[in-house]
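Okay, here's what each chain looks like letter by letter:
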Amino acid sequence: MVSLEFHDPSGAVEVKQPHAPRIPALAGTRVGFVSNEQWQAYRMLPRLKALLEADFPGIEVLPIDAFPQGNAVIGSEETAALVKASGVDAVIIGNAA
Amino acid sequence: MTNAVAGLGLAPDAAMVTFSIEMFLPGSDISPVETRKREFYDGLTRWRSAFAGDGAGQAPMITVEATSVEDALTQANHLMLAKRWGDGLPLWPPTRGRVDWILRGAAGPRHRRLGTFPPRGGITTIESCAVALAMAGGRPEYLPVLVAAVEAFLDPESGSETLQAASGSAFPVVIVNGPIGDEIRLNAGFGCLGPDPQRPAGASIGRALRLLQQNLGGALPGIGTMANYGGLRYTNVIFAEDEGSLPAGWAPHGTERHGFVPGTSSISLAFANGATNIRRRGAKKETPEEDAFQGMHRMADFMRVPNMAGLSGYEHGTPGILMIPGVVAQTMAGLGWTKASMRDFLWEHSRIPAGELRRAGGPAWIEIDTSKVARDSLALDPWPITARPDNFVIVVAGGGHPTNSYWLQGYSPGVVGRPIELPSSFATLLADADRDLGPR
Chain A
4 MVSLEFHDPS GAVEVKQPHA PRIPALAGTR VGFVSNEQWQ AYRMLPRLKA LLEADFPGIE
64 VLPIDAFPQG NAVIGSEETA ALVKASGVDA VIIGNAA
Chain B
67 MTNAVAGLGL APDAAMVTFS IEMFLPGSDI SPVETRKREF YDGLTRWRSA FAGDGAGQAP
127 MITVEATSVE DALTQANHLM LAKRWGDGLP LWPPTRGRVD WILRGAAGPR HRRLGTFPPR
187 GGITTIESCA VALAMAGGRP EYLPVLVAAV EAFLDPESGS ETLQAASGSA FPVVIVNGPI
247 GDEIRLNAGF GCLGPDPQRP AGASIGRALR LLQQNLGGAL PGIGTMANYG GLRYTNVIFA
307 EDEGSLPAGW APHGTERHGF VPGTSSISLA FANGATNIRR RGAKKETPEE DAFQGMHRMA
367 DFMRVPNMAG LSGYEHGTPG ILMIPGVVAQ TMAGLGWTKA SMRDFLWEHS RIPAGELRRA
427 GGPAWIEIDT SKVARDSLAL DPWPITARPD NFVIVVAGGG HPTNSYWLQG YSPGVVGRPI
487 ELPSSFATLL ADADRDLGPR
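Protein chains in written order, with the working numbering: chain A, 4 to 100; chain B, 67 to 506.
Bear in mind the hints are in silico, worked out from the structure with no lab data behind them. Please note that the accuracy of each hint is not assured.
To be verified - Taking lysine to any residue pairs in the SDA-like style, the calculated list, with each CA pair at most 20 Å apart, reads:
hint : chain 1 : residue 1 : chain 2 : residue 2
1    : B       : Lys438    : A       : Asp11
2    : B       : Lys438    : A       : Ile26
3    : B       : Lys438    : B       : Met374
4    : B       : Lys103    : A       : Lys87
5    : B       : Lys103    : B       : Pro126
6    : B       : Lys103    : A       : Thr82
7    : B       : Lys103    : A       : Asn98
8    : A       : Lys87     : A       : Gln41
To be verified - Quick list of simulated restraints, FRET-style, between CB atoms:
hint : chain 1 : residue 1 : chain 2 : residue 2 : range
9    : A       : Gly78     : B       : Arg150    : 21 to 29 Å
10   : B       : Pro448    : A       : Arg25     : 23 to 31 Å
11   : A       : Glu81     : B       : Asp500    : 54 to 62 Å
12   : B       : Pro505    : A       : Ser79     : 23 to 31 Å
13   : A       : Glu81     : B       : Asn343    : 14 to 22 Å
14   : A       : Gly73     : B       : Gly329    : 21 to 29 Å
15   : A       : Gly78     : B       : Val371    : 49 to 57 Å
16   : A       : Glu81     : B       : Lys149    : 37 to 45 Å
17   : B       : Val371    : A       : Glu81     : 51 to 59 Å
18   : A       : Arg25     : B       : Val371    : 27 to 35 Å
Stated by the list, open to error - Incomplete in silico selection of chain A near chain B, CB under 10 Å:
hint : residue
19   : Leu51
20   : Leu85
21   : Val86
For every residue, glycine included, the Cβ atom is placed at its ideal position computed from N, Cα and C.
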């Protein structure tokens, strides 16, 4: 019998921080969008905003352009700070393809 | 997306609602947003990561057992494909012995951390490079070049974090300067972008880089990389500049672009998304001046295209890498041309008239570019394909024949240089290579 032992080439990754906790319910919350303005986000995100507003009483959904838009800026620390300062309970980010 | 999430240091999953690509096209039916709205709501309220723990630590060793060496190799290759670690060509299983042999080429400790490979965030060490090089059929004396190339790749200036996942099929181009190219049998001459048993180093170094991109970086086709075509990704592109054919007064690329002292072994890494052979030589009774001038125009004409992906390097990167054979460089230098005057010519004559740019929808892409320099360039008519002539990379390489030059179209936010660190035993490694591979 021949035994061949070799390295797993996929290595390891580090998990340095947890995902954001989920919110218990959407009614009465404040929700924002961060849009890259690509891949029909300009149509899909407003549709989702309207759905949220119709389905959850007391929800406040910020305008799609409340935060800077576009691939060039949505990943920046500045945008993250604006999102945090806005006091939203949750954000939806889109679109990737 | 999960690669990108992992690369941020989060668990490698995320609350996502995914649709088929058709919904992301202009004029699409977006009603599934409504029919699947519950998935969005659940993502905000009920979703939980499937991963626990910090994920760090050594990856385990893999074992296969078989009745013969040949069967063990077969099983190992089947397993590596099943695990999505291969590229479809036969692999050397990276056994401890083989990896330790490759590590004889290491200039630092095997666990020295080089960074994390984007976007997945795989921890990248000298040992990871040796594992990939072992799989790719490499040798110890290649390791210093691979490590330098990986360091450049991981430099945020290279743009690799975006290009690894992007649809534009970018592939890294590694240009090697200094004596190491010849020493390790890296091709600078005939067929330098293809296979050559006399100078085989580029095949396994480039292949190892690709395996790292896939196995540590997560760039699996259609899953971790959306590259439509993925051209030249079996081995990427790696070659040496033919410094022996540089005309007097022409500096090596590593000196011109990165300031390395001539004679320094170094690499320079950029990304390209296209590769084109250009028939540069004239066909009739041209004078040397006419031949040079027409060839320059023909090369500029190949560059005068609306390569919107190239905008990523408009300010600091490169519109592409032009390779010219040494015999052409010598002729051009005899007529008074320098690399700098060639770059000036190409910059001027590759400009695109504004009307043609508009017709191709170019302004929309330029207007949303991150670079103000790129956005402001819209005011220029004809529009220059890069911010300044110095962004063009010109390298003397290719066989000693005057007919063709080669254009590697850029998709390169930066051009990153690194000196190559050698182990103290490097001369021994070269002697071993002479023993193993025969005379040059």
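For the pair supplied as a hint, Lys438 of chain B and Ile26 of chain A, is the alpha-carbon distance within the 20 Å limit?
39 Å, violated
Q. Per the CB criterion, is Leu51 of chain A less than 10 Å away from chain B?
A. Holds: closest Cβ of chain B sits about 6 Å from Leu51 of chain A, inside 10 Å.
How does the Cβ-Cβ distance of Gly73 of chain A and Gly329 of chain B compare with 21 to 29 Å: does it lie in that range?
45 Å, violated
- Message: Between the alpha carbons of Lys103 of chain B and Pro126 of chain B, is the straight-line distance 20 Å or under?
- Response: 41 Å, violated
* Asked: That 49 to 57 Å hint for Gly78 of chain A and Val371 of chain B (C-beta), does it hold up?
  -> Check failed, 29 Å falls outside 49 to 57 Å.
- Look at the Cβ atoms of Gly78 of chain A and Arg150 of chain B and judge whether their distance stays inside 21 to 29 Å. 27 Å, holds
Whether the CB-CB distance between Arg25 of chain A and Val371 of chain B falls inside 27 to 35 Å = Given a distance of about 48 Å, which is not inside 27 to 35 Å, the answer is violated.
- Given the hinted pair Lys438 of chain B and Asp11 of chain A, is their alpha-carbon gap at most 20 Å? 44 Å, violated
Would the pair Lys438 of chain B and Met374 of chain B pass a check requiring their Cα atoms to be no farther apart than 20 Å? 15 Å, holds
Does 51 to 59 Å hold as the CB distance between Val371 of chain B and Glu81 of chain A, or does it fail?
Because 35 Å falls outside the window, the suggested range is violated.
Next item on the list: Kindly confirm whether 14 to 22 Å is satisfied by the beta carbon distance between Glu81 of chain A and Asn343 of chain B.
Entry: At 45 Å between Cβs, range violated.
Worksheet entry | Supplied distance hint 37 to 45 Å, evaluated on CB atoms of Glu81 of chain A and Lys149 of chain B | 40 Å, holds
When held up to the earlier numbered hints, the structure conflicts with 1, 2, 4, 5, 6, 8, 10, 12, 13, 14, 15, 17, 18, 20 and 21 and fits the remainder.
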